[in-house]
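Student: Okay, here's what each chain looks like letter by letter:
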Amino acid sequence: MTPFTSGGTRLVPRRDDVPQWRAHAPLTDRAGGVLTRLRRDRRRAALRAVDWTLLVPALLLCLTGTLLVWSATRPRMEAAGEDPQTYLKRQAANVLVGLAVMTAITLSGHGALRAWTTPAYLAGLLGLAAVLTPLGTTANGAQSWLSLGGLDVQPSEPAKVALVLMLAAVLADGARGRGFALALAVAALPLGLIMLQPDLGTAMIMVVTAGGMLVVAGLRGRWIALLAGAGVAAAAAAWFLGLLRPHQMQRLLTFADPMADPQGAGYNATQALVTVGSGGLFGRGLFRGDQTGGRFVPEQHTDFVFTVAGEELGFAGAALILVLLWALLRRALRVADGAVTPFGRLAAAGIACWLAAQTFVNVGMVLGLAPIVGVPLPFVSYGGSSTVACLAAVGVLMSVRRQAVL
Amino acid sequence: MRPSRFRLPLVHLLVAAIFLTLLGRLWQVQILDGERYDRAAFADHVRHIAIPAVRGRILDDRGRPLARNRAAMTISVDRVELGRQPDRGRATLRALAALLDRPYEELSRRMTPCGPRTGKPCWAGSPYEPIPVAEGVPARTATQIAERPEDFPGVSAAPEPVRDHPRGELAAHVLGYLGPADEGAGEVGRDGLEASYEADLRGEPGSREVVVDSAGQVLRTVREQPPAPGATLVTSIDADVQAVTERALERAVRKARGRGAPADSGAAVVLEARTGRVVAMASYPGYDPEVWTGGIEPDDYRRLTSGHDRPLLSRAIQAQWPPASTWKVVSTAAATGAGYPLKGRYDCPGSYRVGDRSFRNFGGADLGVMDLHEALVQSCDTIYYRFAHQLWLKDHRDPMQRMARAFGFGAETGVDLPGEAAGRVPDRAWKKAYWEETRQRTCEEAREGYPETARTDPGRAAYLKAIAAENCARGYAWTAGDAANFSIGQGDVLATPLQLARAYAALANGGTLFSPRVGKEVRGPDGRLVRSVVPPVTGRLPVPGKTLSYIRDALAEVPKSGTAAGAFAGFPLGKLAVAGKTGTAEAYGEKDTSWFASFAPADDPRHVVVAVISQGGSGGEAAAPAVREIWSGMYGLEGRTAALPARSRR
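Going down the list, the protein sequences come from chains D and H.
Heads up: the first sequence begins at 1 in our numbering, then just goes up one per residue.
Heads up: the second sequence begins at 407 in our numbering, then just goes up one per residue.
Any given hint might turn out to be false.
To give a feel for the contact side, a few chain H residues facing chain D, derived at Cβ under 10 Å [claimed, not checked]:
1) Val417
2) His418
3) Leu420
4) Asp444
5) Phe448
6) Ala649
Distance ranges between label pairs, derived from CB positions [as the list claims (entries may be wrong)]:
7) D:Gly285 - H:Ser620: 16 to 22 Å
8) H:Arg496 - D:Ala236: 45 to 51 Å
9) H:Arg515 - D:Gln85: 43 to 49 Å
10) D:Ala236 - H:Leu438: 31 to 37 Å
11) H:Ser712 - D:Pro298: 36 to 42 Å
Since the hints were made in silico from the structure, they are not lab data.
All figures in this text were calculated on a predicted structure; none of them were measured in a lab.
Each residue gets a CB set at the ideal place from its N, CA and C atoms; glycine is no exception.
Build the full structure now, drawing on both the sequences and the hints.
Tutor: In structure tokens, the structure reads:
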């Protein structure tokens, strides 16, 4: 085992963290020669860097998501007299771009990743700030989009990746003193910009992600308690001081009692539940859901894509999506566990926290466990920004793992 | 410090908790509560649409249609599609109103779903089916809509079946009309045969189960139950006889008006004497049933139901007058039943004194001593006054009232038409009840008099005041005068033309009283007989055959030498022996109402014809000529072609 040095700290990977195939790696080299062996090892390492346990769930989720997006948009496009395959093509393109970004990140080394972290973070802040200028466009009450030459980008999605990396870099030296203060500042900047949009869902996810990373980084218990208390106080203040927009208040109130106004504010919540519930064990079959075909659920290809799975694929299909996401997150945490640098460990753990929080908020919202806040289901929902960000996160995970494996 | 390794399992645990929570909730929603949500989803996207059945036809006795369906261009509006337009379809509806030349408000009202606060017209059907807003639109207008779909989004023009009356106004009162149903879409029979035979004619509406999207657009059909068309109603109405009857009635009214009589209305009925079937039933004034097609205009409805005319009233069954001398058939039967011999001879003075009042013969003529035959032929009143007075003095069981009821008066005939009047057979109990009911006002009038009338006609006011005074004091009593009036079908007696016709049918057929029927057969759309309608026998006259035959013989003499001799002058009684009785109902301050009730052939009666002309003059003057015209039209006499088929004339 090769000891690694990083930031002056010696880290020794645990024995059982080393994959078995590596233990049986050929020790002899027929071609001979140290240089040749080194080159070939590198090629093999590139392949070995591909973590199938991570990639397969991600790819399956992207594939399922693309089909569900297609099913949800087909009748809408047909009714509008447009190409029913529009969204199928677009989402396939999104996935391909995402896979390219993932590959690039995977292959970039530890140093490159750290080197790009600060520029990425600053770019993210710039994007979030640009959204608030007249360049940004508004949808569903939040100014979250940038229109770049006909391409709609939601900067808050890549900003999540950048935030995770930046926090990992800042907290790599520990969650005390300067590191802790810096981390709070690093998290507060994008959070503030996002609250100005305002995008409550993304803000919630960022808070959970940052909090999770602070916990993993070893923040002391009393600080955790203090932060949690401050968070609750801030939430209460936001509620009682009227910092929330009316539509946000409405969503939260609707969550408390979705049936109170099934035609108005509770329409989404009610229709989502009804649509998922009508799927039963095995669903109606892809493209054969009448609720989906009848366009009863608004935003069904983006934030409510899980309802398509519920109706058309039934419990079997919807549960499979959750199991795939769970498998992916478990793997992410394993990667964190096996990471050889604090940066890698924190980045992997942060990604796990982010995706877990986002999955819970999205699926919970569909199933009536969380208020209706607009966040996409990772890998599955339609959207270039979200898909690319999620696959970029997989790239970060693979890069961290690659570092541990080499 | 280094990142805390031992805190990762905590995150593991949290992630596991999150996913187990979501999976558990998913199980709950999809499996445990799945059925409930499935039902909710079904209610969301599945709609039931009723498909109206084609209404059955109404045919006459010889299979000729009286009411059928025709395709009329109907403009329908899709509410859902209109609601999707930026101004919720207002502009489209305005353009449509301009094209149809109808007020925008009318179209808008017809599209409003019926609710507790919406008045008619409103839409009672499903909001997911196109709402018809205009029927019978010219083809050119329909083409304009079809050719400019971009100007009329959500508007469609298609032929829809509407009720058609190939013979126009013929038998309009008997056929009745359709009106919007109280529940659901479509129309139901509101009067006449359309109402009585609604269940047969309507058919079974079909239903279609469709999947709709959130905007209400139909995506596909799940199930379809085709409608079962309505059954055909074959009636005993003969369209030709009906036409003859209506023409004769109208002509009689016009002639009476030519003589200066008001002749405000009239009715005529032709019955089959032996079966109780209705062959023709006419009411004047008539109206064109087309006014109902596509919903009646408020102005038309007012015209049909208000004023003196009220053409909607089917006067053959819904109007009642004192039957006057046609009633003597009943009185004769009652008197002979009470012991006055048929062959007896009775004095017919110019007037007969009952108590302190003198009851005059019609015209005041003293006709000498005669038998009952002659009393009927000459329509002597005083003989019947005496019968009534003497029976009133000795018999409190009111034999005349009992006989009148046995002839079917004072009760609905039970004919298969709605809204029938019951007529009235006044007796002691009725008089008392009526007195109690009106006493307060009568006594007030006896005290105050009639100051309004006194200003213009002091004599009339004094007369009315005297009557009111007597009624106030002793109005409860069934007086000898009441009995005298009753015996000649005057006073408080009321009868409908159909009641009189069936009484004469009972006289003609030897004593069988039928509940008349217009409907004869109900046949399925394939022509298969579903059921026959037979007029039920509701009673037998408690009169010996000998007496009935005696009365029939007397009535056969009336057109020859009696009160209808003038009306039947020149009529070939040798070819068709018509027997009948005139009636002239007097009412204070009004012209006489003219009756003629008849049957023929006199020796073997097949049909009964009754006509009444309200305020048309004496019986022989107005009604008898109308009846004569009906008989000659039916039998092809006096240069006419026979309206009755040969089998019914033999």
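Student: Give a verdict on every hint.
Tutor: How the hints compare with the structure:
Hint on H:Val417 holds. Least Cβ distance to chain D is approximately 6 Å, under the 10 Å limit. Given the 10 Å rule on beta carbons, the hint for H:His418 holds: about 5 Å separates it from the nearest Cβ of chain D. Here the hint on H:Leu420 is kept, as its CB sits about 7 Å from the closest CB of chain D, short of 10 Å. The beta carbon of H:Asp444 is positioned within 10 Å of a beta carbon in chain D (closest approach about 4 Å), and the interface hint is therefore held.
Nearest Cβ of chain D to the Cβ of H:Phe448: about 8 Å, under the 10 Å cut. The hint holds. A hinted interface residue such as H:Ala649 counts as satisfied when its beta carbon comes closer than 10 Å to some beta carbon of chain D; here the least separation is about 57 Å, so the hint is violated. Evaluation of the 16 to 22 Å hint for D:Gly285 and H:Ser620 yields a pass: the beta carbon distance comes to about 20 Å. Taken as a hint, the range 45 to 51 Å holds for the pair H:Arg496 and D:Ala236, whose Cβ atoms sit roughly 47 Å apart.
At about 45 Å, the beta-carbon gap between H:Arg515 and D:Gln85 stays in the expected band of 43 to 49 Å. For the hinted restraint 31 to 37 Å between D:Ala236 and H:Leu438, the CB-CB distance of approximately 35 Å keeps it satisfied. For the hinted restraint 36 to 42 Å between H:Ser712 and D:Pro298, the CB-CB distance of approximately 55 Å leaves it violated.
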